[in-house]
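Residue numbers (numbering that gives the first Met the number 0), protein chains in the order written: chain A, 0 to 332; chain B, 0 to 305.
Don't take every hint at face value.
Stated by the list, open to error - Sample of chain A residues lacking proximity to chain B, with all beta carbon distances greater than 10 Å (derived):
| no. | residue |
| --- | --- |
| 1 | Glu107 |
| 2 | Gly131 |
| 3 | Ala177 |
| 4 | Glu211 |
| 5 | Gly262 |
| 6 | Ile280 |
Claimed, not checked - Example chain A residues on the side facing chain B (calculated, C-beta under 7 Å, incomplete):
| no. | residue |
| --- | --- |
| 7 | Leu66 |
| 8 | Phe120 |
| 9 | Val125 |
| 10 | Ile128 |
| 11 | Leu164 |
| 12 | Ser304 |
FYI, nobody ran anything at the bench for these hints, they're computed from the structure.
Predicted model only: the values in this text are computed from it and were never measured.
We put the CB at the ideal spot given by N, CA and C, even for glycine.
Residue strings, one per chain:
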Amino acid sequence: MAEAGKAARAETVLTVEDLTVGFVTETGAVRAVESIGFSIDQGKTLGLVGESGCGKSVTAMAVMRLLQMPPAFVASGRILFDGQDLLTLPEHRMRSIRGNRIGMIFQEPMTSLNPCFTVGFQIGEVLRIHRGMNRSEARDRAVELMEGVGIGAAESRVDQYPHQLSGGLRQRVLIAIALACQPRLLIADEPTTALDVTVQAQILNLLARLQEQLDMSVLLITHDLGVVAETCDHVAVMYAGRVVESAPVAELFSRPAHPYTCGLMSAIPQLGRRSEYLPTIPGVVPSLENRSVHQCCFAGRCLQSQMICFKQFPPLKKERNNHDLACWNPCES
Amino acid sequence: MLQFLARRFGQAVAILLGVTVITFALSFLMPADPVRMIAGRSATPETVESIRRELGLDQPLPAQYLRYVSRLLQGDFGRSYMQKTEVSTLILSRLPATLLLLAGAIFFELLIGMPAGIFAATRRGRASDNWIMAISFAGVSMPQFVIGLLLLYLFAYMIPIFPLGGYGSLMHLVLPALTLGISGGGWYSRMMRSAMIDVLRKDYIRTARAKGMREQRVILVHGLRNAILPIIAMVGLDIGIFMAGAVVVESVYGWPGIGQLAWQAIQVVDIPIIMGVTLVAAIGIVTGNLLADLVMPFLDPRLQLE
Ligand SMILES: Nc1ncnc2c1ncn2[C@@H]1O[C@H](COP(=O)(O)OP(=O)(O)OP(=O)(O)O)[C@@H](O)[C@H]1O
Ligand SMILES: [Mg+2]
Chain A
0 MAEAGKAARA ETVLTVEDLT VGFVTETGAV RAVESIGFSI DQGKTLGLVG
50 ESGCGKSVTA MAVMRLLQMP PAFVASGRIL FDGQDLLTLP EHRMRSIRGN
100 RIGMIFQEPM TSLNPCFTVG FQIGEVLRIH RGMNRSEARD RAVELMEGVG
150 IGAAESRVDQ YPHQLSGGLR QRVLIAIALA CQPRLLIADE PTTALDVTVQ
200 AQILNLLARL QEQLDMSVLL ITHDLGVVAE TCDHVAVMYA GRVVESAPVA
250 ELFSRPAHPY TCGLMSAIPQ LGRRSEYLPT IPGVVPSLEN RSVHQCCFAG
300 RCLQSQMICF KQFPPLKKER NNHDLACWNP CES
Chain B
0 MLQFLARRFG QAVAILLGVT VITFALSFLM PADPVRMIAG RSATPETVES
50 IRRELGLDQP LPAQYLRYVS RLLQGDFGRS YMQKTEVSTL ILSRLPATLL
100 LLAGAIFFEL LIGMPAGIFA ATRRGRASDN WIMAISFAGV SMPQFVIGLL
150 LLYLFAYMIP IFPLGGYGSL MHLVLPALTL GISGGGWYSR MMRSAMIDVL
200 RKDYIRTARA KGMREQRVIL VHGLRNAILP IIAMVGLDIG IFMAGAVVVE
250 SVYGWPGIGQ LAWQAIQVVD IPIIMGVTLV AAIGIVTGNL LADLVMPFLD
300 PRLQLE
């Protein structure tokens, strides 16, 4: 990551500004994601980390505009992709972006492929939709793509059904689908959580290699700070639907400032070693109904909370070194 | 796969044997004595006895049963007491009409049920969903003779497009098949709806949407391909149920099918016909299920390698 090279082509691919997403439920409207913002430069990886339920998937689905509305609604914000606000695009324009210029892979490789179609068909489908290929062209290209994501004997596997493949292979197929049209941006929502540890490493290496090849930006959603340290350029830490801290990866790991981030890090036994889930911090994330705007949402679990933390909401502010922080009483480091 | 089919086939044969025991027993449980019904009230005891012997009804039970089954295997279903004709001939002469009605009914059931169910599933919880479900509930709950008479009144009498009844052309088929289609279509639409709602929640549907395809394609290709599986199984069952004869519809429309044959036979306690029709119905149900088993692996790849 040479700083000079970065500055030379710091073209921003995705900018999310002030995005608020909620759901209409029986008990009223709740907000799962509250006024979050981040941006990703071309070829870079942004890590989105946080505990279960903090709104990572909702954010990803909002960018793809795949949330069912209703019950979901977008209360505010802009999602700028190559300068275009995705939230105002008509649906047919959005369709031509999905799977084409933005690819997405999901957490559940075992269930994310249609059991009734061959993997070749499912990869080829993207090419038929966005590249206008016919069936046989799409199939041939699917074989190449499968080889590209490291699936051996692709020529025979292309006509197999998902249930004939292992979890790792299925995730590779899903990667092939997401990357078939060589997207500008890949959204990877916990791409390795459901896989064996050895397979996890292979998939992450594969993603890194393909990212390099395609000069693609990646939004990597994960539980795993070890993965973040290895693969990301920039990190946004989410808590209870908000970004509470955001910084370049080296900066964040050397000077974590939010007590939540510190808690996450101190609980990793060794940096770089993968743990299955984020280490536990005592207490639980407040439920969607109990998120106050008059106090810090983390205050109840925070070891360093003071009076002000319970009285006033901490806004996200720019600090030194491109480091953003929403905290009244950051931890020293 | 072959093993699976062989096992299902074995089961089918066992079931059919079981049914022959029941139909055989049936003939003894009937309140009316068939011999007397044939001979008439004024017959002498000698006549009655000779008829009894002629029918083989004086033999011990196991012997009678074996004779019954071995005759069945040769396609001999016995003779009608009343019509003095082979039961197999009677049934075979009615079979084409019943099969035609069956095909027509399933056609309308699917034509009505599948689009309604798919549409309702995509409008889940909205007004159009509620309306479709209410209408299909009405279709299911309305007695078939009411639907039949209503259709006759509307489309044969008020607006005389179709004939009032009978058999012979496609025009004759429309109303009886539609009657069955309306009452069965209600079931299919409910089943299609719940299967589709189930499928649309699946992760692979999310993947399909993330590829940027039209929602129509998501539903009709990725959704339907999976949601149709329980529907096929249901069609298999339906084939059997119709083989028993759509008694009500056949009598409303004067459709010369097996149901009408059975109905006439029941009224005069013509036991060989009742036994024969019961057996044919059982064969129909078993065949329908076998057909569904046979077709399923072609539609659901997960079943292929087992
Ligand atoms: N359709 C919905 N209706 C109501 N609430 C929802 C809906 N979808 C998500 N939520 C809520 O939004 C919140 C954020 O969910 P999200 O799936 O984004 O979490 P996450 O950070 O991805 O967690 P995980 O790590 O478990 O995947 C959760 O509290 C969830 O209950
Ligand atoms: Mg998630």
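Do the hints match the structure? See the list:
{"no.": "1", "hint": "Glu107", "result": "violated (5 Å)"}
{"no.": "2", "hint": "Gly131", "result": "holds (13 Å)"}
{"no.": "3", "hint": "Ala177", "result": "violated (8 Å)"}
{"no.": "4", "hint": "Glu211", "result": "holds (23 Å)"}
{"no.": "5", "hint": "Gly262", "result": "holds (32 Å)"}
{"no.": "6", "hint": "Ile280", "result": "holds (29 Å)"}
{"no.": "7", "hint": "Leu66", "result": "violated (10 Å)"}
{"no.": "8", "hint": "Phe120", "result": "violated (10 Å)"}
{"no.": "9", "hint": "Val125", "result": "holds (5 Å)"}
{"no.": "10", "hint": "Ile128", "result": "holds (5 Å)"}
{"no.": "11", "hint": "Leu164", "result": "violated (12 Å)"}
{"no.": "12", "hint": "Ser304", "result": "violated (38 Å)"}
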